[in-house]
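Colleague: Place chain B on chain A using the hints.
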Amino acid sequence: MKSLRDRIGKEWIFFDGGSGTLLQKMGLKGGELPERWNLTHPERIIELYSGYLNAGCHIFNTNTFGANRFHYPEDLDEVVSAAVRLADQARKQTGRKDALIALDIGPTGKLLEPIGDLSFEEAVDVFASVVRTGVSAGADLVLIETMSDIYEAKAAVIATKENCDLPVFCTVTFDQNAKMLTGASAEGAAAILEGLGVDALGVNCSLGPKEMFPIVERIVNASDVPVIVNPNAGLPKTKNGMTYYDITPDDFAGYMEKIAGLGVTMLGGCCGTTPKHISRLIETVSCKPVPERKQPGRTFAASGSGIAELGKKTKIIGERINPTGKKIFKQALREKNYDYIIGEGLKQEDGGADLLDVNVGLPEIDEAEMLETVVRKLQSVTTLPLQIDTSDPVALERALRIYNGKAMINSVNGKQESMDAVMPLAAKYGGVLVALCLDENGIPDTAEGRFAVAEKILKEAEKYHIRRKDIVFDGLAMTVSSDSKSALVTLETIRRIREELGCCTVLGVSNISFGLPQRQMINSFFLAMAMQNGLSCAIINPNNDTMMAGYLSACALLNQDPQCGEYISAFAAAGESAGLSLKRNDASAVQNQGTDLFSCIERGLISQAEKAVSEQLKVKKPLDIIDEFLIPALDKVGQGFEKGTVFLPQLLMSADAAKAAFAVMKNAMEPGSQSIKGDVILATVKGDIHDIGKNIVKVMLENYGYNVIDLGKDVDPELIADTAVEKNIKLVGLSALMTTTVVSMEETIRLLRKRKPDTKIVVGGAVLTQEYADMIGADAYAKDAMATVRYADSVFSDHEN
Amino acid sequence: MRKADRREIRRYLGMDPLTEDPRIEERITEALGKLEKACSPSYGREYVDLSVEGDTVSFGGIETVSRNLAANLSGCDEVCVMACTLGAEADRMIRRASVISALEGAVYQASASAMAEAWCETVNDLIREEAEKKGKVCHPRFSPGYGDLSLSLQKDLFRIVPITKTTGVSLTESMLMVPVKSVTALIGLGYEECGTSENKCINCTMADECPYRTEGEKE
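So the sequence lines, in the order shown, correspond to chains A and B. Take 1 as the starting number for the first sequence in this note's numbering and just add one per residue. Take 802 as the starting number for the second sequence in this note's numbering and just add one per residue.
Certain hints may be false.
[To be verified] With a straight-line cut-off of 16 Å between C-alpha atoms, the simulated EDC-like cross-links for lysine to aspartate or glutamate are:
hint, chain 1, residue 1, chain 2, residue 2
1, B, K966, A, D175
2, A, K620, A, E610
3, A, K347, B, D817
If you are wondering where the hints come from, they were derived from the structure by calculation, not from laboratory data.
The shape of chain A in the complex, shown without the other chains:
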């Protein structure tokens, strides 16, 4: 008999239907765990399986949907292996030895970080233990299903592939808006699963076949992998508190026939479908010829909820998360100032980037650790897909593994060593691989030479089953001032790769202008020319007005901007006035009142405060500016806040303006010349995920000259104590919002007292009061951010005395 891998996509393959409704009819009570029945009611489970085997399905699922260590902490292995064993018995009893047992894996029921508290590696581990047990018990394939978070689906696929060689199928669920619960679109989910190397992918549960049709159509048009469709018997309805589904077997089969017509060869059912639905489906569809499936070959980079398609409109990859030539960025990397690094990403998103390049390599830091952390943090705040940019394979693997989505990978080149290191990672985790057209012989100086390297890379990629659509070639922009033919060679390379290989292309545009004056001018023209030659994406700074003017103009001219809509909305405000002026989102820039630094801070005007401080820097020393303007202005606002005439948001506006002014001065100051009053640890305690209050306190403390070591939220007491000891910290601030987490605050205080008795502890948060603070043994209770600043001042002036 042909193997399953040889059959999929080439012949009809039918799955089983729902199990929950059937088990309830057999007597399973609401709230009872269905998988428990593998041990307590084996004959019922065999009956369930047999129903579908008799209906004629080719693949049937083990009763293990919710079987994981969270639901079965005691006897998971028994529950899983019994499910597989019973499946084999049912197969024998029904004379269906040809049928295949799918080890069924459903979601854990917990949300992954950063939304929830389940770490990615723990999720992988949870799935891995089910896979190992199920496979050794004799499953024929693994079906990961009903995933509503694509990140969790990724964890399950990796766990499966790391623990067996069986075929892996993965189906996910969408709501009526065609989104997964954590935001992935049909195209995004398909791209991510395809990248992870599943043998088939698709959709199940949540919707009926009718509602699923348009989603299936999108998946078929986005992915090159065989598609599975297992719908419910319609949308759920309730009657007397009971959920039911009401599409009849005939109607179900009719809808499924239409879905099959889209090129879907793997069909079955989910909630509410019964053996009757499945046998009707098989009768209706199996007599039809197996449809020819087209391979759309589209290139997608994706995050967990965002997507960028390459090969249509030219995409912008923001280049600013990169330390090369940037003093402040390097300092931020050394100091682990993540807010600065992430902020650089968000500014580019606001500026119009479609993807963000992430390069955090610096010789003196642990790049792998930093890259993983920055990728996590970026993904917790932006939905833009990322381009992981590193030459260290260890760092690359760590980042790709925890990346939520299908990343761009920057980069591989034609050297054997590079391909050996990078391609296995791209094959395992998926990704859109940026390939530089150079090899052991250097950079070819002709388009023919570069094209030949591209062909060599494609050939090598085939060995790893990396699809050619997932390789994006960098045509290599070389300095035109040293070789006046170089721009033409690059443009010709791009054109040929696009036209003859059908692959996407990318350029780091600015290299072209090294050594020339007015670099942005030539860069923007070069970008437009490259776009005309079919450039798929450009690595640029989206906040550079000249570059964006070139980009927007080229989009308008190349039919990439319908009705010149984007061009108009970007430039209409400028009218016919001379010079470039793009409409940027800077609310404070509109208010053009007063440039005196004191009042800018008092009124919270950020960009004016920046301008005013630059003016002052021409005549005054930074420390004098701080003493004469910043601190008095902050104090005035702070006193107003304490009296109740100024409210929290106004206080924060001033704090933001002061922070911006400090940042300008920091640029002008010699490193180390700033006066720091002291180091303060801030943390939201273990179990608590609220950090807005803590962040407010942080901003205020920083403005008043403290160096804040921000340990984040949900922080382990051990980490707080360790850090306090290691850095000899005099003051720790703890925050908790919930009554339930004040317990961990108390625990943290106890541990700190034991490990570092001389450290003062100030506590705050919505549920805390002075009495509460006294009860749990804190040194002080701060009712708000200003109170914390005042207390810090008292602690540190005491220490000086």
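Modeller: Leaving out everything else, chain B in the frame of chain A:
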């Protein structure tokens, strides 16, 4: 969906609910606009039989002792367990805003809270309509964590309304819901209006020390 109550947003921001500062109002408008565009609110609800004896409340296989809940559900024979959420994108937007500045973070936090409340009220409207069809009236919404009702009840409520599958809301180890802008609540269905007020604060045993109430309201 109902509109978010801007007075509540100002209150969460520590401002006087009735005083408008145009600079802050502008930020609130922007935050609400972006949140509305990005969020995908969803909900779930289940009706189960209820009995109340003394301070003991029993429904859907749960038995819990809470004086405040028993008072709220007194006279009801059915309870609706509801859950609703703004979804995961709201969380991301709050985190994003917090990176930009503490003010942005606070404004998004407050705006999303008010939106979650408005969404909860919208779902409550639907449940009221369903109750009317049965000839019943709804009692005021009551959530774990209100008054003396333990937060640990969450686990049971999640069992009754399987919202993890339908809305993606799940519980952390410390019984907090994620995504954070999510609400679970019990709504009693009876034949007479509830004796307690619709003003949640007045019924709450913690009202006097609540940090979210301004001085004027505590009197």
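Colleague: It remains to establish, for every hint, whether it holds in the given structure.
Modeller: Each hint, compared with the structure:
With a CA separation close to 11 Å, the supplied pair K966 of chain B and D175 of chain A stays within the 16 Å bound. Of the pairs offered as hints, the one joining K620 of chain A and E610 of chain A holds, with about 15 Å between alpha carbons and a cut-off of 16 Å not exceeded. Our distance criterion of 16 Å between C-alpha atoms is broken by K347 of chain A and D817 of chain B, whose separation comes to about 32 Å.
The structure shown violates just one earlier hint, number 3.
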